[in-house]
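Read top to bottom, the protein sequences are chains A and B. All residue numbers for the first sequence refer to the working numbering, where the first residue is 1 and numbers rise by one. All residue numbers for the second sequence refer to the working numbering, where the first residue is 195 and numbers rise by one.
These are calculated hints, taken from the structure and not from any lab test. Any given hint might turn out to be false.
[Said to hold, decoys possible] Under 7 Å between C-beta atoms, here's a sample of chain B residues computed to sit facing chain A: (1) T209; (2) C215; (3) G220; (4) F222; (5) G231; (6) Q232; (7) F234; (8) Q243; (9) A295; (10) S361; (11) V366; (12) L375; (13) D376; (14) N378.
Every residue gets a Cβ at the ideal spot worked out from N, C-alpha and C, and that includes glycine.
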Amino acid sequence: MSEFKFINLDIRNYLAGILFLSAVFLSLWPLRALIIENMFWHMDIQIPLLIAAGLISKIPVSNFSQNLSRFNAYGLNSFIVSQVILVFWMLPISIDRAIIHWGYDLVKIISLIVCGWLIQVSFKRTTVVIEIFFVGYFLAMMLWVGFYYIQSDIRLCNVYTQDSQQYAGGGLMVFAVVLSLVWIISKLYKRSQI
Amino acid sequence: MKKKLNPEPSDLAPTFISAICIIFLGIFVLLLATDFGQSFTTEGYRRHQIDVHSEPVPNMMLVDSQGVNQNLQDFIVQDGRYVILDFFYTSCKTICISQAAIFNSLQEKIKVHHLEDRVQLISVSFDPMQDDFKAIQQYASRVKANPSVWSLLTVSSPKDLKSLLDSFGIYVIKVPPFGDLDHNASFHLIDPKGNLIKISSLDDVDDLLSIVKIKIKYE
């Protein structure tokens, strides 16, 4: 039993490591050209990879995190922090800054990994109502931002062309729809298990 | 054994108190990033910064269409007129063409309002590898620039380019596959002392002219 658990832990962190490294390589030469030239690679590939890496990583429970959980009933605070991080990286100005200053890029990588991990923490503790509030709000925002990027007739990011901006917006909308379906189906599936 | 994750309702106080703190902190971070809700784009941020604090134009050598070296700051201060400045490159097929058309009509408006001795237009090329003074000379005749109102300049040494563009908030990108240049288009209003006082979008160029008119009225 314990052996099985050990392997399970290993595989999840192994996978998270692969996602993390592929996201980090997108920030380094020569693959950095992809996220510099193409907003789709930045917003719809690198950022989700970072969040996913945090989301599936398995961090051992420590005394410290046990004590901290007193401040995180129903995963409320981990949800709020992750939401702030997600909103921050949806701003066109933040996307620009991550391309122009390497310091922002580093902050992006760390904050999005943390964001993914916090969502994981929240999902473990939360109730359906709180989950619907945060996840529903986020998916609606993502759909709206994607639509805004598509229909805007001005360039919102100085570092990308307008074509690139529209592709990225389309990608966000597709993402929002797919995630909504995955989320609803997984909820229904869990319900049918009970 | 499954561990109980959620506390009793009476234990919720620490969570709620910290939630309020985190919400305020989060809003503060988002406000800092957006210049207190003023600007969600880099362009908007730069415009707002200039609205609040004007900045002197860089002290930098440029070449005019006669091949003469000019220091940008001296050029503006010695001339003593307000300046509306934009950036272009001669082989541009998209946004520079509409910028040139706007400058052209602005040139007419300046004449109609008899502002020739109060306002001048400057276009600066940011493609020094291609655009020497001969190239911008040809471009000037193509866009029908009247030399008494509209001067065209180009960067004299490519190593100055980045700091010039940075000081005006212009970001030039190479677009694959052919490496065409793309850039954010804006017009920059500079006062006769050589301070950048306003950045506007292409649609709002008439605002710049009315700002100049108001400034002249109160001089």
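These are the hints, each one checked on the structure:
1. T209: Holds: closest Cβ of chain A sits about 4 Å from T209(B), inside 7 Å.
2. C215: violated, 9 Å
3. G220: With Cβ-Cβ at 4 Å, under 7 Å, it holds.
4. F222: violated, 10 Å
5. G231: violated, 11 Å
6. Q232: Given a least distance of 11 Å, the restraint on Q232(B) is violated.
7. F234: holds, 5 Å
8. Q243: violated, 12 Å
9. A295: Where the cut-off is 7 Å and the nearest Cβ of chain A is about 18 Å from A295(B), the hint is violated.
10. S361: Violated, because the Cβ-Cβ distance from S361(B) to chain A comes to roughly 15 Å (cut-off 7 Å).
11. V366: Where the cut-off is 7 Å and the nearest Cβ of chain A is about 10 Å from V366(B), the hint is violated.
12. L375: Violated - the Cβ of L375(B) stays beyond 7 Å from chain A, reaching only about 11 Å at its closest.
13. D376: holds, 5 Å
14. N378: Nearest chain A Cβ about 5 Å off; hint holds.
Consistency note: the structure conflicts with the earlier hints numbered 2, 4, 5, 6, 8, 9, 10, 11, 12.
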